[in-house]
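Protein chains in written order, with our numbering: chain A, 1 to 275; chain B, 1001 to 1275.
What the hints contain is simulated information worked out from the structure, not anything from laboratory work. Fair warning: there could be bad hints in the mix.
To be verified - Derived, one-sided and incomplete: chain B residues facing chain A with beta-carbon distance under 10 Å: (1) K1071; (2) S1097; (3) V1101; (4) N1137.
Claimed, not checked - Derived Cβ-Cβ restraints for the label pairs, each shown as a range: (5) A:I219 <-> B:R1070: 51 to 59 Å; (6) B:G1213 <-> A:N166: 55 to 63 Å; (7) A:N16 <-> B:R1155: 23 to 31 Å; (8) B:E1044 <-> A:L13: 26 to 34 Å; (9) B:V1168 <-> A:K249: 35 to 43 Å; (10) B:R1070 <-> A:K12: 42 to 50 Å; (11) A:W274 <-> B:I1002: 41 to 49 Å; (12) B:K1190 <-> A:E116: 52 to 60 Å; (13) B:N1016 <-> A:K208: 52 to 60 Å; (14) A:S97 <-> B:G1062: 44 to 52 Å; (15) B:S1097 <-> A:G254: 20 to 28 Å; (16) B:K1246 <-> A:S247: 41 to 49 Å; (17) A:K43 <-> B:I1002: 38 to 46 Å.
Just so you know, even glycine gets a beta-carbon here, dropped at the ideal spot from N, CA and C.
2 protein chains.
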Amino acid sequence: MIIVTEINELKKLLNNKTAKIGFVPTMGSLHDGHISLIKKARKENDILVASIFVNPTQFLAGEDLSKYPRKDEADKKICEFCDVDYLFMPDITTMYSNDEVLVKAPKLNSFILEGECRPGHFDGVLQIVLKLFNIVNPTNVYFGKKDAQQLSLIRQMVNDFYLDVNIVECEIVREIDGLAYSSRNVYLSKNERTEALKISQAIKLAAKLIGKGELNVDIITKEMQRSLTSEMISIEYIHITNKNFKSIKTVEIGNTIVLVAVKIGTTRLIDNIWI
Amino acid sequence: MIIVTEINELKKLLNNKTAKIGFVPTMGSLHDGHISLIKKARKENDILVASIFVNPTQFLAGEDLSKYPRKDEADKKICEFCDVDYLFMPDITTMYSNDEVLVKAPKLNSFILEGECRPGHFDGVLQIVLKLFNIVNPTNVYFGKKDAQQLSLIRQMVNDFYLDVNIVECEIVREIDGLAYSSRNVYLSKNERTEALKISQAIKLAAKLIGKGELNVDIITKEMQRSLTSEMISIEYIHITNKNFKSIKTVEIGNTIVLVAVKIGTTRLIDNIWI
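Let the sequences and hints guide you as you build the complete structure.
Shown next, in the form of structure tokens:
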């Protein structure tokens, strides 16, 4: 594995017009969720690139940018173990300059849910993703379904800007008790960690209700609300949407996502299930 | 020459990873300025693509979008005569959809000069240029120096977004009496056409003063103002800047652009000279 910090160096290394390049962009602090993306990408491509870059423009003022968990040395070992060819670890001044041309997330789709809770967040996500795509020029890029709205907006950018890249959606990976892997799980105290199980339980409850034939979005949402009620949990949203993030009243099997965002203490966690 | 209206069709036709692709994006109504770009591009590339698309997002409300001069049939003949391989002529619904991911010009550089006179104009320019670049995937793209600030911002986008394309700056082409070619020249009445000569004369005056050793930006600007004074001309700006559009007090030979924007009647004209 070669660790690369400079853009031009990476571009030169990847200047192979016929190889299939797989790419897994991350903010580091790698967990089993990331590892599943990397392993899938390794199988499906000739060259495997991963990146670790904690992207400042997607954090809002007051969010956890400065304390975002980092474990570069462990991450390098994980990537090496997973047979990554090139690990791109640029610093902020490499990726950003002053007064740049900017990317703005679409007005309607980016100001709901995560975009409403974190205004401007998706502008920063799309900006860095566009840059990384243009630097790596990948055939296939791997994203987890956990950041479902992010995935939807990246897909939209690929369509709107005619980017020549295939987006591969990957399943959410969960700990044995159901909690979705997240770099932010390390923030949780022992009690909070226990309480956080309610998130995946609420999502499983939704799946179970739908499995039994309950397709009314309001009823399912209310049941989830009840199951998430706890002194330690502050619900940011429970939302059932179609895969394009348009509102629905009735679950459409095969085209529905059930989403939850909560705060437990100061830690913000999201989870979802695709029905 | 093949005329293409669909994006996927053009992408398929250009799916040759080794050929050198030259690209000349235009808004049609082709004149000798465009022809010089096309001829240069023809010489320097294996495949030559031109596009004609009157981009609505770069026109402000109240500007001349609906009456922007169009002469598609003549333009097709010109492109054929100039040995264009593929002429891309998409319609608006092909290039744009609702609620898109947007490109925003950089804050500082896009809110001066043209950007001050036409707020939002460069957002639209960069949006369409990014799309066209991603569709055509050209080796070399040809732009005239006449739209100097546009050229500078496109260069910046190429840098900021790490686009893999070479921008070729081409000289301004003038009519025999000095007026820079512009699709908007057709708007001018006979009297206005005569008066418009003052624009290139003012620019030549600046060049002459600098040639004589006058490097003081204020003095040159004042002389230009005097020479442009006319009842028929309303000056929008006279500006002397370096090539990155940073303000200067003293002309730097090799790194200076003298810019003029005026209105004659309802017609807006720009011109410049690179010193």
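Worksheet entry | Restraint outcome when N1137 (chain B) is required to lie within 10 Å of chain A by C-beta distance | Status holds, d = 7 Å.
Worksheet entry | Cβ separation of K1246 (chain B) and S247 (chain A), checked against the hinted range 41 to 49 Å | Since the Cβ atoms of K1246 (chain B) and S247 (chain A) sit about 48 Å apart, the hinted range of 41 to 49 Å holds.
Discussion item. Tell me if the beta carbons of W274 (chain A) and I1002 (chain B) are separated by a distance inside 41 to 49 Å.
Written reply: holds, 42 Å
Worksheet item: Quick one: are N1016 (chain B) and K208 (chain A) within 52 to 60 Å, going by C-beta?
Response: holds, 53 Å
Worksheet item: Taking the CB of S97 (chain A) and the CB of G1062 (chain B), does the distance hold inside 44 to 52 Å?
Response: Violated: the Cβ-Cβ distance is about 34 Å, outside 44 to 52 Å.
Practice prompt. Look at the Cβ atoms of E1044 (chain B) and L13 (chain A) and judge whether their distance stays inside 26 to 34 Å.
Written response: holds, 28 Å
Discussion item. I want to verify a distance hint. Is the separation of the beta carbons of S1097 (chain B) and G254 (chain A) within 20 to 28 Å?
Written reply: Cβ of S1097 (chain B) to Cβ of G254 (chain A): about 24 Å, so the range 20 to 28 Å holds.
Discussion item. Within 51 to 59 Å: is that where the Cβ-Cβ distance between I219 (chain A) and R1070 (chain B) falls?
Written reply: holds, 56 Å
Fill in: Assessment of proposed distance window 35 to 43 Å (beta carbons of V1168 (chain B), K249 (chain A))
violated, 55 Å
Discussion item. Does K1071 (chain B) hold up as a contact with chain A if the rule is Cβ-Cβ below 10 Å?
Written reply: This interface hint is violated because 28 Å lies over the 10 Å limit.
Discussion item. Given S1097 (chain B) as an interface hint, is its Cβ closer than 10 Å to any Cβ of chain A?
Written reply: At about 7 Å, which falls below the 10 Å cut-off, the nearest Cβ of chain A leaves the hint on S1097 (chain B) intact, so it holds.
Fill in: Distance restraint evaluation - N16 (chain A), R1155 (chain B), Cβ atoms, bounds 23 to 31 Å
For R1155 (chain B) against N16 (chain A), whose Cβ atoms are near 27 Å apart, the range 23 to 31 Å holds.
Hints 1, 9 and 14 from the earlier list are contradicted by this structure; the remaining hints agree with it.
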